[in-house]
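Chemist: This is what each chain is made of:
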Amino acid sequence: MNPSNPPQAAEYGGDEVSAIVLDPGYSTTRAGFAGEDAPKSLIPTYYGKYNADGQEKIVYGDDVFVTPRPGLSVYNPLNKDGIVEDWDMAEKVWEHSFMSRLTGTKAGNPFQNGLNDDGTQEPPEEMEVESDEKPLSDSPLLMTEPGWNPAKAREKTIEIAMEKWDTPAFYLARTGVLASFASGKASALVIDIGASNISVTPIHDGMILKRGVQHSPLGGDYISSQISALFKANSPQPITITPHYLISSKTAVEAGQAPQAKYKTFPADKAPDASYRALLEERTLAEFKECVVQVWPGPTRLSAPGPNGIPNEDMARTYPGRPFEFPDGYNQVFGVDRFRVVESLFDAKAAVPDPESSFPPPTPAQTIPELVKASLAGVDVDLRPHLLANVVVTGGSSLLYGFTERLNHELMQMFPGPRVRVTAAGNTSERRFGSWIGGSILASLGTFHQMWISKKEYEEHGPNIVEKRCK
Amino acid sequence: MSLPSGVTIGDDCITAFSQLRSQRHSNKPRFIIYRITEDYNDVVVEDSSSEQDYEVFRQKLVSAVDAQGKPAPRYAVYDVEYDLGTEGKRTKIVFITWVPGETSVKERMIYASTKEQLRRFLDVKASIHADEVGELEWKTVLKEASGGKA
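These protein sequence lines map, in sequence, to chains A and B.
Here the first sequence is numbered in the numbering used here, starting from 22 and rising by one per residue.
Here the second sequence is numbered in the numbering used here, starting from 48 and rising by one per residue.
If you're looking for bench data, these hints aren't it; they were derived computationally from the structure.
Please note that a few of the clues may not be correct.
[Stated by the list, open to error] Among the chain B residues that face chain A by a calculated CB cut under 7 angstroms, a handful are:
id, residue
1, S52
2, N88
3, F168
Since the structure is predicted, the reported quantities are computational estimates derived from the model, not experimental observations.
Just so it is clear, CB atoms sit at the ideal spot from N, CA and C, and this is done for glycine as well.
Put together the whole structure using the sequences plus the hints.
Modeler: Listed below in structure tokens is the structure:
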């Protein structure tokens, strides 16, 4: 059998077998059944580790947020590029994403699960236990990956799916292609604003143009770091985020007044690690991004003089501010600052300086307009106008208020000749789960069954088959 | 190979297309409109006509509806005839993907992931994607067909 060609017959079960779609991101991992409109399981990709009774314990999913256990520290199996670094833990986190909500957990050993303890009978000496049952033996699995996922990582992914999870059929699809298709386009320039990365992926005739794939770390986490920098320099007073778990009660205070809250304290040996606090602070920052932050609409940059000679920044000052209340009750109205924290996505010089930030100051090459420019420079000159006329915006952080409008202005200024058209799903869940939804539709098609890589083919050709079939 | 949907391309798709491509008489088909069946299993011919007026074709394409009467996506091939003056008359077939703005994400996905299979099957090089009527002007189609010469 030639591994480059899918087998002719649809031999992987009928429509009644529901495939699982797994879309692992840096901040969240999305999993659900193919054919559904949204992922049933949405868990943080972060996991927590702590010691109890001298044993190391690990917590997954939303449980990570719930209890501030002593010494609890938080990790992410992916690196900042969104590529897996810790395979053992990535496997566990992904497994949790579908086992906790979709496939159910494995049945325990009947010797120990307590269900057979009627107390009258002696337990049998020996019993056959099917302990090697694997989680996905009945479900085909479609997974997604970023366009810059290295070949080694792709092979490792199919290896886990086939050998650890025992999936009967597998497919690995690129997020950029799925997002492009989900907007109805076989050719598009996909701009994906995620948590750890922003990326620009040119797709032509359903194929990813590898030389044009660009990405940089100015994603949602970077925006959080900009907001933190803003808070440090805030007036009338610097703002410290105190996450909810450290507050036992709060009293309403006037805007700008010092908070009046009762705090919970943890003795040093009972306190969770700083990484836990950082993860919970991020939740407040996420709320701030959703409620307050706004992208300066353009057409010119925030630092530029406006159309009537009034600097844009002075214009922004005249806009009504937006109030925000922190977990400790401190509240304030945010004016022009709410534009400043995202301006550096388009204009590197506008970054809010913070020498203590874990993000180095952005370079011009990392901004969205420059990524687009670099991406187009990597593709055939004849394709550029087509791509610019079909710009698709996706990813949770693209929901920032005013983002697409500004992007449109920036691209029109950078490319005054060709027609620029930016499309973005109006529906929030389509924007956040664009690639999951694309995968869900594809994997639910009866006709797609012939595209799966079957277990048999994997056994015959090894993990390298993913390179031949999932291009 | 791109990421494909696996939707089957019916035999009548190619039969209709070879009439459009190889026949020379004035009654030969000028355009074909294709659609994907409701069960998402096959691409089939919806319409084929020798109508010479581009506007008639455009109207037919953009007024395509699904079983519920809502605007629906379609594929089409159009045999564009253009005049290069001293270099004479030329013809070129253009592949058109029509995905109106109201299309559900499911249909978008299916039409986009099947497009390359059909286009390659028919072996048409020039192609246009449109999601609004304004993108289907004659001049756009002419420009794509003639490579900007006419």
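Chemist: State for each hint whether it applies.
Modeler: Status of each hint after checking the structure:
1. S52: holds (6 angstroms)
2. N88: Hint holds; N88 (chain B) Cβ to chain A Cβ min 6 angstroms, cut 7 angstroms.
3. F168: violated (13 angstroms)
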